[in-house]
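> For reference, the chains in residue letters:
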Amino acid sequence: MHQVEIATTQETLLDSPEMVLNMGPQHPSTHGVLRVVLRLDGETVIDLDCDIGYLHRGMEKIAENRMYTQIAPYWDRLDYIAAVSNGLVWVETVEQMMGLPVPPRAHYLRTILTELNRIASHLLWLATHALDIGAVTVLLWALREREEILKIFERQFGARLTCHAWRVGGMPNDAYDDFNKDVRQFVNNFPKRLDEYETVLSENRIWLSRTVGIGVISAEDAIAIGLSGPALRGSGVAWDIRKSRPYAAYGDMDFDIPVGENGDTYDRYLVRLEEMRQSRRIIDQALENLPDGPVNAKLPKIVKPPVGDYYHTIEAPKGEIGCYIVADGTAHPWRVRVRPPSFINLQALRQMCIGHLVADVVAIIGTLDIVLGEIDR
Amino acid sequence: MLLFAPIDVLNDLLLRMGLGEETIRYFVWPLIQIGLVVTLVALWVAYATYLERKISAFMQARLGPMRVGPWGLLQPIADGLKLLTKEDFIPEKADRWIFFFAPYIAVASAFIVFSVIPFGPDWAVIADVNIGLLLVLAVSSVGVLALILAGWSSNSKYALLGGLRSSAQMVSYEVAMGLSLIGALMFARTLSLSGIIAAQGSDSIWYVLYQPAGFLIFLISGIAENNRAPFDLPEAESELVAGFHTEYSGMRWSLFFMAEYAAMVVVAAVATTVYLGGWYFPFVYRLETSGHHNLFVLVSVLVFLVKASLILYFYFWLRWTLPRFRYDQLMDIGWKWLIPSALINIVISAFAIFLVQALNGFQGMQTIEFIDRGLNLTASGKAIMIVMGIAGLFATASLLARINWRSRDFNLKVQRRDIKLVNLPKGKPAVQPGS
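Protein sequence lines correspond, in order, to chains E and Z.
Letter 323 of the first sequence, counting from 1, is numbered 323 in my numbering, and no numbers are missing.
Letter 277 of the second sequence, counting from 1, is numbered 277 in my numbering, and no numbers are missing.
Honestly, the hints are just simulated from the structure, not real lab data.
Note that beta-carbon positions come from the ideal geometry of N, C-alpha and C, so glycine has one too.
What you were told as hints is all true, and nothing was included just to trick you.
In silico EDC-like pairs for lysine to aspartate or glutamate, Cα to Cα no more than 20 angstroms straight-line:
{"no.": "1", "chain 1": "Z", "residue 1": "Lys420", "chain 2": "E", "residue 2": "Asp195"}
{"no.": "2", "chain 1": "Z", "residue 1": "Lys420", "chain 2": "E", "residue 2": "Glu220"}
{"no.": "3", "chain 1": "Z", "residue 1": "Lys157", "chain 2": "E", "residue 2": "Asp51"}
{"no.": "4", "chain 1": "Z", "residue 1": "Lys157", "chain 2": "E", "residue 2": "Asp49"}
{"no.": "5", "chain 1": "Z", "residue 1": "Lys420", "chain 2": "E", "residue 2": "Glu198"}
{"no.": "6", "chain 1": "Z", "residue 1": "Lys420", "chain 2": "E", "residue 2": "Asp254"}
{"no.": "7", "chain 1": "E", "residue 1": "Lys192", "chain 2": "Z", "residue 2": "Asp418"}
{"no.": "8", "chain 1": "Z", "residue 1": "Lys157", "chain 2": "E", "residue 2": "Asp41"}
Ranges between beta-carbon positions, derived for each pair:
{"no.": "9", "chain 1": "Z", "residue 1": "Val387", "chain 2": "E", "residue 2": "Gln351", "range": "51 to 59 angstroms"}
{"no.": "10", "chain 1": "Z", "residue 1": "Ile390", "chain 2": "E", "residue 2": "Lys181", "range": "49 to 57 angstroms"}
{"no.": "11", "chain 1": "E", "residue 1": "Arg160", "chain 2": "Z", "residue 2": "Leu318", "range": "30 to 38 angstroms"}
Using the sequences provided together with the hints, build the complete structure.
So this is what it looks like as structure tokens:
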């Protein structure tokens with residue numbers, strides 16, 4: 001780990017030493033228990049280091065002692081904001097290991113619900129990002145909207161946050177009776193509301209001056225660090241697993257990938273807003289073409305994938321979440337490894353922050369959209 | 001009037017107790033006034049927090065405090081009680097005495113100002129000092145000391161950063177604030193706050209019409225001076241946890257809170273006095289001429305409170321709408337925009353007064369009625385002044401735009417661009433950058 005050097009003497013105008021500021025783990029805007037050690041000259045960041053691990057629960061190790069079907073709920077706790085997407089990566093990986101044919105209706109429902117989850121996650125990002133930069137009202141507006149999605153989740157899965165949405169081979173049960181009506185209502189209302197939120201921020205002079213040119217990262221650097229998701233697309237790379245390696249029903253959907261230009265905070269903001277609109281488009285299409293039929297594949301009593309290594313990725317709201325499983329032919333995985341998008345996106349923080357002010361650090365943490373549950377696992 | 005009968009009775013009683021008329025007039029009544037003003041202002045401050053919570057709640061599609069009393073009306077009192085009973089915690093490494101006294105400085109500097117604020121005519125003002133405005137600026141600038149001391153003595157890095165920010169911010173915005181008032185003073189020709197209101201009354205005008213630029217500059221720098229959003233950097237929640245009062249708790253914390261709101265009320269009151277005609281309102285004087293003196297004073301006080309509350313509402317409105325500036329951007333606005341525009345405003349106001357004086361008697365035109373304590377203009381003079389005021393607004397804006405045309409913040413709207421939408425064919429590898 002890169003260590004922050006603590007200088008005790010420095011010849012500046014007032015002969016004051018550089019200040020080392022501990023941001024977190026209990027800080028209102030580090031989005032959980034992230035500890036950032038900042039080395040400051042006045043308010044300018046000279047150097048910073050992230051100290052993580054405050055939320056470590058040893059999930060990958062726990063997974064080695066659980067059966068394949070039992071691990072799925074743990075995956076909800078990775079990125080608890082987007083539990084539905086995270087659950088999907090586990091069940092899809094296991095399904096691919098087993099070669100299970102998942103019925104199309106399940107694929108479509110998965111598409112609808114993960115896209116709803118993407119909107120919910122982006123709304124929470126918008127809320128907290130705006131709050132970090134000082135616009136408090138957007139927080140409550142965005143949460144109001146997210147509430148609609150969580151209501152749908154609650155009716156469908158029985159839980160709002162960590163839903164345990166999927167089962168290996170399909171879904172626990174079919175969509176509830178009013179599912180189409182509820183989702184349709186949300187899809188119809190959402191664009192109008194989103195435009196409303198945008199009026200508060202997008203053209204706002206203060207918002208512009210806080211985000212334009214802040215935390216710039218070039219496409220080359222972004223690829224070198226391994227950024228994914230909106231953080232990568234904000235820098236101008238059109239990389240989206242939904243397009244490049246379609247899973248669930250994304251192959252049948254028609255949607256655009258929003259791509260930024262300058263790789264600054266404002267571009268990432270626009271990219272995420274546009275992604276919400278595109279998600280809505282996907283939901284619209286999937287709901288239109290929702291096939292009938294069963295939602296579950298036939299499953300053996302005990303899931304025992306054949307020996308081998310498997311890797312599968314999906315596009316979670318935060319970026320590309322991957323799951324690498326080494327199976328030894330028993331009912332338990334021999335080793336599991338997650339490629340967490342937040343963890344890898346966080347690596348860009350140092351490069352993005354140096355030379356900026358303390359206030360920008362907060363904005364940049366917000367724009368990376370990290371979740372500590374996923375970073376520490 | 002029956003309502004004010006007890007006052008005369010009390011006066012008689014005091015006289016009979018052997019106190020001299022002078023003592024009663026200069027000592028006893030001022031004490032009663034001070035007691036009243038402090039109580040009422042404290043109440044006003046408490047209910048300003050309630051209003052802020054309610055207004056923000058309505059903006060955010062929720063209800064706000066609803067549980068304590070009807071519509072949560074007793075919430076501020078419950079909050080006060082809760083804070084009083086909380087532990088008064090002083091960190092071990094803090095500079096004890098400074099930490100102890102800093103909140104008192106904050107509250108005192110905010111409340112002393114109310115001694116010269118004219119809430120109404122006659123008995124509704126504690127002391128009509130002839131340098132009232134100067135006193136307001138001087139005393140309210142002592143408030144910055146409290147923030148620095150609190151930030152320094154807490155021995156916490158967040159508090160220190162908050163204290164440093166607040167000192168830089170308040171010092172730079174005080175300049176703009178003082179300069180912006182000069183334009184209005186040229187019309188009023190007095191520093192006495194009651195005098196300024198009297199001048200507006202006799203000229204039958206609100207100086208906001210003569211001085212739109214000055215009013216705007218005063219309001220903006222007033223908000224910055226109060227450390228309110230979008231300039232609330234010293235206590236920027238999301239960056240500095242709670243800024244200079246991070247380490248404070250209980251009643252000592254609430255004193256800072258009270259000081260902040262009291263300072264807001266002060267700025268609102270000064271803005272009302274100087275630019276919105278204070279307690280002066282058309283046709284209210286008829287109460288006085290028909291012999292209801294005390295009623296006239298009461299209605300005037302009400303008018304003043306309504307005007308000041310409107311400005312307070314403006315504060316709340318901004319706070320819950322706008323994001324926060326960054327520290328360096330804040331300094332830019334202060335030094336690159338507000339201070340130059342305040343200086344330009346002074347020049348334009350002086351020129352306008354010169355113009356009006358020069359036009360007086362030019363080709364039989366009459367612009368000045370008479371010059372007494374303030375400038376009293378005829379209708380045509382007023383028209384010239386208002387036109388000059390609005391023209392000055394545009395002149396200032398265009399001049400500053402010319403000066404700052406290359407600055408980054410000025411060109412942000414031009415830089416705003418839309419994002420590309422890429423519709424890739426399905427299942428193909430993604431586009432590499434540059435290709």
